[in-house]
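Colleague: The residues making up each chain are set out below.
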Amino acid sequence: MNRLYTSLEPRVIDDGMLKLAVGEQRPQEEAGKLAKQEGILFKDVLSLQLDFRNILRIDNLWQFENLKKLQLNNNIIEKIEGLENLTHLVWLDLSFNNIETIEGLDTLVNLEDLSLFNNCISNIDSLDALIKLQVLSLGNNQIDNMMNIIYLRRFRCLRTLSLSGNPISEVEDYKMFICAYLPDLVYLDFRRIDDHTKEVAEAKHHYSIEELKHRENLMQAQMEEEQARREELEKHKTAFVEHLNGSFLFDSMYAEDSEGNKLSSLPGVSELLESLTYRDKFVIICVNIFEYGLKHQEKRKTELDTFSECVHEAIQENQEQGKRKIAKFEEKHLMSLSAIREEVEMPNIEKMILECSTDISELFDALMTLEMQLVEQLEETINMFERNIVHLVGLFIKNVQSLYPFCDDLLCTMAQCRDLENHHHEKLLEISISTLEKAVKGNLDKDLSEDVRGLFVDKNTIVNAVGASHDIHLLKIDNREDELVTRINSWCTRLVDKIRRDEIMRNRKRVKEISLYIDHMKSELDNLEYSDILD
Amino acid sequence: MEVLREKVEEEEEAEREDAAERAERARTEKMMRQVEVRKEETTLTQEMLRDLEKKLSEIRIPVSVEVPAFTKDTIDISMLPVSYKTNTSKEEQLLQLADNFSRQYSHLCPDRVPLFLHPLNECEVPKFVSTTLRPTLMPYPELYNWDSCAQFVSDFLTMVPLPDPLKPTIKREEKVLPKKYTIRPPRDLCSRFEQEQEMKRQQEIRAQEEKRLKEEEERLMEAEKANPDALHGLRVHSWVLVLSGKREVPENFFIDPFTARSYSTQDEHFLGIESLWNHKNYWINMQDCWNCCKDLIFDLGDPVRWEYMLLGTDKPELFLTEDDSGINNEDDVENLHSWVEQIEISPEAFETRCPNGKKVIQYKRAKLEKWAPYLNHNGLVSRLTTYEDLECTNILEIKEWYRNREDMLELRHINKTTALKTDYFKPGHPRALRVHSYKSMQPEMDRVIEFYETARVDGLIKREETPRTMTEYYRGRSDFLSYRHVDFGPRVKKLTLSSAESNPRPVVKITERFFRNPAKPAEEDVAERVFLVAEERIQLRYHCREDHITASKREFLRRSEVDSEGNKIIVTPDMCITFEVEPMEHTKKLLYQYETLMHLKKEEKLSRRQVWESELEVLEILKLLKEEEEVHTLTISIYDTKRNEKSKEYREAMERMMHEEHLRQVETQLDYLAPFLVQLPPGEKLTRWQAVRLKDECLSDFKQRLINKANLIQARFEKETQELQKKQQWYQENQVTLTPEDEDLYLSYCSQAMFRIRILEQRLNRHKELAPLKYLALEEKLHKDPRLGELLKMFT
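Protein chains in written order, with full-length UniProt numbering: chain W, 1 to 535; chain X, 1 to 796.
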């Protein structure tokens, strides 16, 4: 606690206080009079000063959406809160308060200058979102751990830092340490760091910094790798064939299949599983589907790109025409307006005004015709695109599902997966039956576990077990297939919907724009009329 | 025989000729070298333009015999070497041979023009034409290839019509001008489609053009019909033939020496060929020239088509087995020596190009004048005048090219019909001028000034002026201004002296346009603002957003600042007419409007100030241009050692210093021991005894020299004294009889003698003082001398 609660009551920011503050800080002189006359909306305020007001709690600031600079210094604030909406904030002063932890700043991504001078902060953290931070003032606090400096390394724009008056500034190595670990810093504790100091500091902490850098680089590389992997997966997902480029599906078939696992320990079954005939073939199918999916994704992307490009061009061209028409009209209109102003004869004026309004309605017609024309054209194009994309998607689904291979590789459809599984199932059943026969005869292998032995009680049990395993496998395959089909279909529907919606939005906006413009023109003409009549 | 129509007379002056010849030689020599390099083609390559000129010059001489009007006086024959004036026995032999050949020829072909085999040279000595050619290599890269070389020669030659156009005989030359270094045409990257389109377009244009041309031609024909050429086909001319083969010359072609233009051998201007020669041989054309030169075959090795005079020189293309011509004289042929001197072209002469550095070429309806650089004080190097009519009386336009001007003026184009002058500047003008077109140098008149905008801080590209407007175009400004147009009103009359500077014209309207500022949203980024100063209105038009077709507009009226009751009105809602594409809340506020208006007012003031500054700048530029026009200083490259006075002085000073330094070094290196060391056997190490002796000898010798010197001074001193005494005696004896003049003479003698004596006395004293010191210094030096030092030290 830096200051005692004095005789004054602690206060909370409320509407009255804000109005007062805004009123006091409005522009001066004529502009001020105007502002008073009109009143000021909180969201137009760019800078607000709320110092020396005994504020205990920050509140009610959500209306100041466009605030750039906020001063809350010399209050008794204990907690940083209520600033989430002020995302345009560049300058925040919270010095001379009773803040203990840094928090609540995660949305202020534009903040460049932050002052927390003279508070009770003991740890620097929770500043990660402030990537543009340039000036950080943390003097007269309770920071006592040098490791806090290393935390500051992530702020690439940080140029000015003040930490004097903290326990760490008493440490003998304080200045050197900071200079070495924050090489981009220009001012420390309000003093410029000269090059010599930087060199000395760097030399002194050379090794530890190198190590740190190495670690940071490693982390960076790791993150990048992770990022790349995520992107890759994302790409596969957009092609709807994620996790098909390996044995993932195959493995998942056995993951929940206890019977299958048990059975795999039977003599001959493991060979069956590992041999080229099943597992490898299965994986090959998956990979083929995967590659086919990527290829198709590419096709769809090209299709979509071509479409958007064409649409964009058409719109551009249409806009150009519109602009030209308006420019031509404005030229003429200006001339006639000034002609009207200069004309004295009343009948002439009326005639000219009439002409003008005809011009305006002509322009309106022309613009609307243009727009309607474009709408029709786009409609046609969109329909065509829809047909094509639906066809593409259908082709993909059909091929992936179909019973017959669709490309040179013979193994590339889900149906083939199922065939394989069925085939495998038959074999497994065969082995199981023969094993059962052996079991019945009593010469079962000694090394089979109890679990497995339990299956070979009678024929029903073993057939059920094998059947259950088979069902699970088929289910997995079906699920994967369904997922693929559903997702691609819904993607397609969404895409087409979005395109249509966008087009409708565009059309409405344009119509609105045109009518607004025409209205303006008409009212301008009307005003002219009135003033003429008045004259 | 067919003869070219051109009547040509060659330059008179020998020096000129020399210069040109040198150039030609340069080429020839190069060619010769090439010949050496590639043995495969042994041919008549080497001829040069030089030949041409030689021939031409020779041709002229017979003319001059009859019409001594030109020539002669301009050539200083006495300065020419002997080879010009006499013939060696070999040459005589050759001439006889030529004579014989010529006789046989005239016997066999009596109806053909006599051969041009051995014309008289400038010293009136007959010379065989091939010997007038001397291949020479010149140090100028421009003279290496045929085109620039021909250009040089053509610059040098001046055409003078002959008094009798039919007189001179015709000569032809043979040359192979190799073109090894001609650049290859750039690769054709044009699209076929575009070419086709272009072709179609061109065809249309051509059709029109043809039609026009036809009409034009008809008109011309009519005009020219007045004087049909009576001498068509009778005139003779000399030109250069370049044979294909060497230096990658793809095909034979002609070079006209006066225009330096090349013509195909198919060109119909060339009516036929009598004979050809190079520096090795002489050929007569035996082919029929009924179809101009189109059917001629330039295979000089074919004796049926080309009758050669000398046998045994390199055969051009054909491998001739048999020669049936009557002439063969091996040893002459082996080495045909040219009697002309090597051409030497000094760099100045090369730069001057034309005789006297000036050349005028008259074309049909045009005249081209050329000057050497630095010849004209204003840097004028060439001027092209085009005329409206054939008589060259009504000037259409004049183009003047300048070089080395300090103000970087490069070209001035004067259009006489519109009186419009356009000056083009190279980069580097102090005001970054690029183009200046104007009718008058008075301010506030029609003018367009273009600038090198990268050299200007304000990014101004162009400023156009008319008496009532000024338009400026900008690029690359941080405030994105792209255009400013100002309308001026009539100037308010003032009682005081009104100049453009003190009384600027009132500004009526300023229109400014801006590029899109990507940092601002389109609806806040002003595209155009118009300050209607007189009406006190400000119009703003904003940029159009990407997906919109209309742009926001705003108009401010700032008329009454005071209302009827005298209260100051700040802003009222009707002062601002706004159209917004997407209405925004905050812009409706009066406060916003007020602030915008205040800002605009400030901007208006600023813009007006800038307009005023622009006007001032124009005045300044005009002043500067006027000054430059009057002074027209030329820049001189620091590498131009001839003209650059400063560098010359500096160089001379450097040379002087070097020289002095050298002298000093020689002095210091004087080896006082050398005369004594010579006496000792060389290469042996000195013994101590020898060293001591050497030192002693050296010292005693030096002592002797000092004594001798002292004696010498002493002797002179005494002699002077004695003479003076004698003179004094004589004076005393004859004092009475002396005329005042003699007395004066005596007195002046005395004072002079006294002066000499005094000086000698001083020198003697000085010598006495210095001698011991010098002696000691030498001793010291000897002690330190590396050759003696060690030994002497041991000794002492």
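Worth flagging that the hints you see were computed from the coordinates, not collected in a lab. Ideal placement from N, C-alpha and C gives every residue a C-beta, glycine not left out. Careful: at least some of the hints might be erroneous.
Partner residues aside, some chain W positions facing chain X, computed with beta carbon under 10 Å [claimed, not checked]:
no. : residue
1   : Ala35
2   : Glu320
3   : Asn527
For lysine-lysine, the following PhoX-like pairs were computed, each having C-alpha atoms within a straight-line distance of at most 25 Å [what the hints assert, rightly or not]:
no. : chain 1 : residue 1 : chain 2 : residue 2
4   : X       : Lys768    : W       : Lys36
5   : W       : Lys323    : X       : Lys359
6   : W       : Lys332    : X       : Lys553
7   : X       : Lys601    : W       : Lys19
8   : W       : Lys36     : X       : Lys294
9   : W       : Lys69     : X       : Lys589
Colleague: Hint by hint, say whether it matches the structure.
Modeller: Status of each hint after checking the structure:
1. About 5 Å separates the beta-carbon of W:Ala35 from the nearest beta-carbon of chain X, less than 10 Å, and the hint is met.
2. Here the hint on W:Glu320 is kept, as its CB sits about 9 Å from the closest CB of chain X, short of 10 Å.
3. Restraint check, W:Asn527 versus chain X: the minimum CB separation of about 8 Å is within 10 Å; hint holds.
4. With a C-alpha separation of about 110 Å, the suggested pair X:Lys768 and W:Lys36 falls outside the 25 Å cut-off, and the hint is violated.
5. Between W:Lys323 and X:Lys359, the direct Cα distance comes to roughly 59 Å. Violation of the 25 Å bound is thereby established for this hinted pair.
6. The hinted pair formed by W:Lys332 and X:Lys553 meets the criterion: a straight-line CA distance of about 17 Å does not exceed 25 Å.
7. Only pairs whose Cα atoms come within 25 Å are accepted, and X:Lys601 paired with W:Lys19 is rejected, the gap being roughly 31 Å.
8. A C-alpha spacing of about 99 Å is found between W:Lys36 and X:Lys294, which places the hinted pair above 25 Å, so the restraint is violated.
9. Distance hint between W:Lys69 and X:Lys589 is fulfilled; the C-alpha atoms sit about 22 Å from each other, no more than 25 Å.
Violation of the numbered hints given earlier is confined to hints 4, 5, 7 and 8; the remaining hints are satisfied by the structure.
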